[in-house]
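Asks: For reference, the chains in residue letters:
There are 2 protein chains.
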Amino acid sequence: MSQIRSNSEAEIHPILANRWSPRAFAADKPVGRETLLACMEAARWAPSCFGDEPWRFIVCDKASDAASWEKLLAILAPKNQEWAKNTPVLLLVCASTQFRSGKPNRWGEYDSGQAAISFCLQAEALGLASHQMGGFDSDAARKTFAIPNDATPMAVIALGYQAAAAKLDEGFQSIELAERKRQPIGSCFFAGTWKKPIA
Amino acid sequence: MSQIRSNSEAEIHPILANRWSPRAFAADKPVGRETLLACMEAARWAPSCFGDEPWRFIVCDKASDAASWEKLLAILAPKNQEWAKNTPVLLLVCASTQFRSGKPNRWGEYDSGQAAISFCLQAEALGLASHQMGGFDSDAARKTFAIPNDATPMAVIALGYQAAAAKLDEGFQSIELAERKRQPIGSCFFAGTWKKPIA
Numbered sequence: 221m222s223q224i225r226s227n228s229e230a231e232i233h234p235i236l237a238n239r240w241s242p243r244a245f246a247a248d249k250p251v252g253r254e255t256l257l258a259c260m261e262a263a264r265w266a267p268s269c270f271g272d273e274p275w276r277f278i279v280c281d282k283a284s285d286a287a288s289w290e291k292l293l294a295i296l297a298p299k300n301q302e303w304a305k306n307t308p309v310l311l312l313v314c315a316s317t318q319f320r321s322g323k324p325n326r327w328g329e330y331d332s333g334q335a336a337i338s339f340c341l342q343a344e345a346l347g348l349a350s351h352q353m354g355g356f357d358s359d360a361a362r363k364t365f366a367i368p369n370d371a372t373p374m375a376v377i378a379l380g381y382q383a384a385a386a387k388l389d390e391g392f393q394s395i396e397l398a399e400r401k402r403q404p405i406g407s408c409f410f411a412g413t414w415k416k417p418i419a
Numbered sequence: 221m222s223q224i225r226s227n228s229e230a231e232i233h234p235i236l237a238n239r240w241s242p243r244a245f246a247a248d249k250p251v252g253r254e255t256l257l258a259c260m261e262a263a264r265w266a267p268s269c270f271g272d273e274p275w276r277f278i279v280c281d282k283a284s285d286a287a288s289w290e291k292l293l294a295i296l297a298p299k300n301q302e303w304a305k306n307t308p309v310l311l312l313v314c315a316s317t318q319f320r321s322g323k324p325n326r327w328g329e330y331d332s333g334q335a336a337i338s339f340c341l342q343a344e345a346l347g348l349a350s351h352q353m354g355g356f357d358s359d360a361a362r363k364t365f366a367i368p369n370d371a372t373p374m375a376v377i378a379l380g381y382q383a384a385a386a387k388l389d390e391g392f393q394s395i396e397l398a399e400r401k402r403q404p405i406g407s408c409f410f411a412g413t414w415k416k417p418i419a
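Line by line, the protein sequences give chains A and B. In terms of my numbering, the first sequence is residues 221 to 419. In terms of my numbering, the second sequence is residues 221 to 419.
Since the hints were derived computationally from the structure, they do not count as laboratory data. Be aware that a few hints might be false.
Derived pair list, reagent style DSBU-like, types lysine-lysine, alpha-carbon separation capped at 30 Å [what the hints assert, rightly or not]:
1) B:Lys363 / A:Lys416
2) A:Lys401 / B:Lys323
3) B:Lys415 / A:Lys415
4) B:Lys291 / A:Lys416
5) A:Lys323 / B:Lys415
6) B:Lys291 / A:Lys415
7) B:Lys305 / A:Lys363
8) B:Lys323 / A:Lys299
9) B:Lys416 / A:Lys323
10) A:Lys305 / B:Lys415
11) A:Lys415 / B:Lys249
12) B:Lys291 / B:Lys305
13) A:Lys249 / B:Lys415
14) A:Lys323 / B:Lys249
15) A:Lys416 / B:Lys415
16) A:Lys363 / B:Lys415
17) A:Lys416 / B:Lys416
18) A:Lys415 / B:Lys416
19) A:Lys415 / B:Lys323
Everything numeric in this text was worked out from a predicted model, so none of it was measured.
Put together the whole structure using the sequences plus the hints.
Replies: The following block contains the structure:
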């Protein structure tokens, strides 16, 4: 049920091409422990500056720990809660602001993004769907999950098996079925100097 | 020539498992235009907050623009220059600090990390190797490539075809052949609350 990429410029690997962020998830299909572990393992092998691994994932699996799952669902933006309530696993991704040595790490967020997408790509490879959200209450996340000052809540990942768009509330259906688009490649990829489009 | 992952916990997709960051690159094997375009395309389809695509890549391809490639090589940390001089393509990855609307974007670096690893995974899928570096002079990068204030230089990616470790200067050979390791999974992945190891 991957969507059409409307302005694709080149063939890319299927797990990169087919990964997208749906809203329709099957509430009745939990994610097995081994599957979840494989997604974490993919995140774990992401590269990081000085090999510091500055990402921290809090896994809230409704099947094994409904209380933490409910807590994480509750701090999502209301519009996200409307569809995320059907995802069996929610994860809070945090970025460490310091290296393990205690020195500031200016790559903490960058590297946490690398780990998060690696998680999502492994999910895609295993036939699951994922959807990262910036729309959540970061302060509430910090309080609810006791995130220390040297970590920054960055995203919530919804993970599960995709369902048909028809399962969604009507307001979400047109978004779910819309073509995927990106900026023209020359808007973000430059040849040798700033702003010179590569293509 | 992928390395052994010494403390792997689960099987993951080969392009995630085999991607790593070597130092030995074949100086005499340029990267074709189509190949480079496919790697950019993979980065382009990374997810981003509000679909803003806050990453900016400056591509410095020695084969087509030796001058910009030389400039980027020159601002790498001296230790990185020693091996990166053999990589046919160097890319400077920058993160926008603002959404296209002009409002601050706190996910610019996180999302740029997602695009960068997507680039590297597509390279892996096509039989190339990549190596991201935080070790470069960010201020010099800003001046040399006219990076505006609303973008942050985050990493330089070296891209090319891998060569045998024996091609490296002796000091690099043991690092190149060392086992890949990660923190125990419970060090970065928590169950339902901060610091409770998931496994």
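Asks: Each hint: holds or not?
Replies: Results of checking the hints against the structure:
1. Restraint check: the Cα-Cα separation between Lys363 (chain B) and Lys416 (chain A) comes to about 16 Å, which is no more than 30 Å; the hinted pair holds.
2. Note on Lys401 (chain A) and Lys323 (chain B): the hinted pairing holds, with a Cα-Cα distance of about 22 Å set against a maximum of 30 Å.
3. Using a Cα cut-off of 30 Å, the hinted pair Lys415 (chain B) and Lys415 (chain A) is violated, with the two alpha carbons roughly 43 Å apart.
4. Distance hint between Lys291 (chain B) and Lys416 (chain A) is fulfilled; the C-alpha atoms sit about 16 Å from each other, no more than 30 Å.
5. Between Lys323 (chain A) and Lys415 (chain B), the direct Cα distance comes to roughly 20 Å. Compliance with the 30 Å bound is thereby established for this hinted pair.
6. A C-alpha spacing of about 17 Å is found between Lys291 (chain B) and Lys415 (chain A), which places the hinted pair at or below 30 Å, so the restraint holds.
7. Of the pairs offered as hints, the one joining Lys305 (chain B) and Lys363 (chain A) is violated, with about 48 Å between alpha carbons and a cut-off of 30 Å exceeded.
8. The suggested pairing of Lys323 (chain B) with Lys299 (chain A) holds, with an alpha-carbon distance near 21 Å, which does not exceed 30 Å.
9. For the given pair, Lys416 (chain B) sits about 24 Å from Lys323 (chain A) by alpha-carbon distance, which is consistent with the 30 Å threshold.
10. For the suggested pair Lys305 (chain A) and Lys415 (chain B), the alpha carbons sit about 25 Å apart, so the restraint of at most 30 Å is met.
11. Between Lys415 (chain A) and Lys249 (chain B) the CA atoms are separated by roughly 28 Å; this keeps the pair inside 30 Å, and the hint holds.
12. Taking the CA atoms of Lys291 (chain B) and Lys305 (chain B), the gap is about 11 Å. The hint holds against a cut of 30 Å.
13. Of the supplied pair hints, the one linking Lys249 (chain A) and Lys415 (chain B) holds, its CA atoms being roughly 28 Å apart against a limit of 30 Å.
14. Between Lys323 (chain A) and Lys249 (chain B), the direct Cα distance comes to roughly 39 Å. Violation of the 30 Å bound is thereby established for this hinted pair.
15. Note on Lys416 (chain A) and Lys415 (chain B): the hinted pairing is violated, with a Cα-Cα distance of about 45 Å set against a maximum of 30 Å.
16. A hinted pair counts as satisfied when its Cα atoms are at most 30 Å apart, and Lys363 (chain A) with Lys415 (chain B) qualifies at roughly 14 Å.
17. Restraint check for Lys416 (chain A) and Lys416 (chain B): not satisfied, since their Cα atoms lie roughly 48 Å apart, outside the 30 Å limit.
18. Between Lys415 (chain A) and Lys416 (chain B), the direct Cα distance comes to roughly 45 Å. Violation of the 30 Å bound is thereby established for this hinted pair.
19. Restraint check for Lys415 (chain A) and Lys323 (chain B): satisfied, since their Cα atoms lie roughly 20 Å apart, inside the 30 Å limit.
When held up to the earlier numbered hints, the structure conflicts with 3, 7, 14, 15, 17, 18 and fits the remainder.
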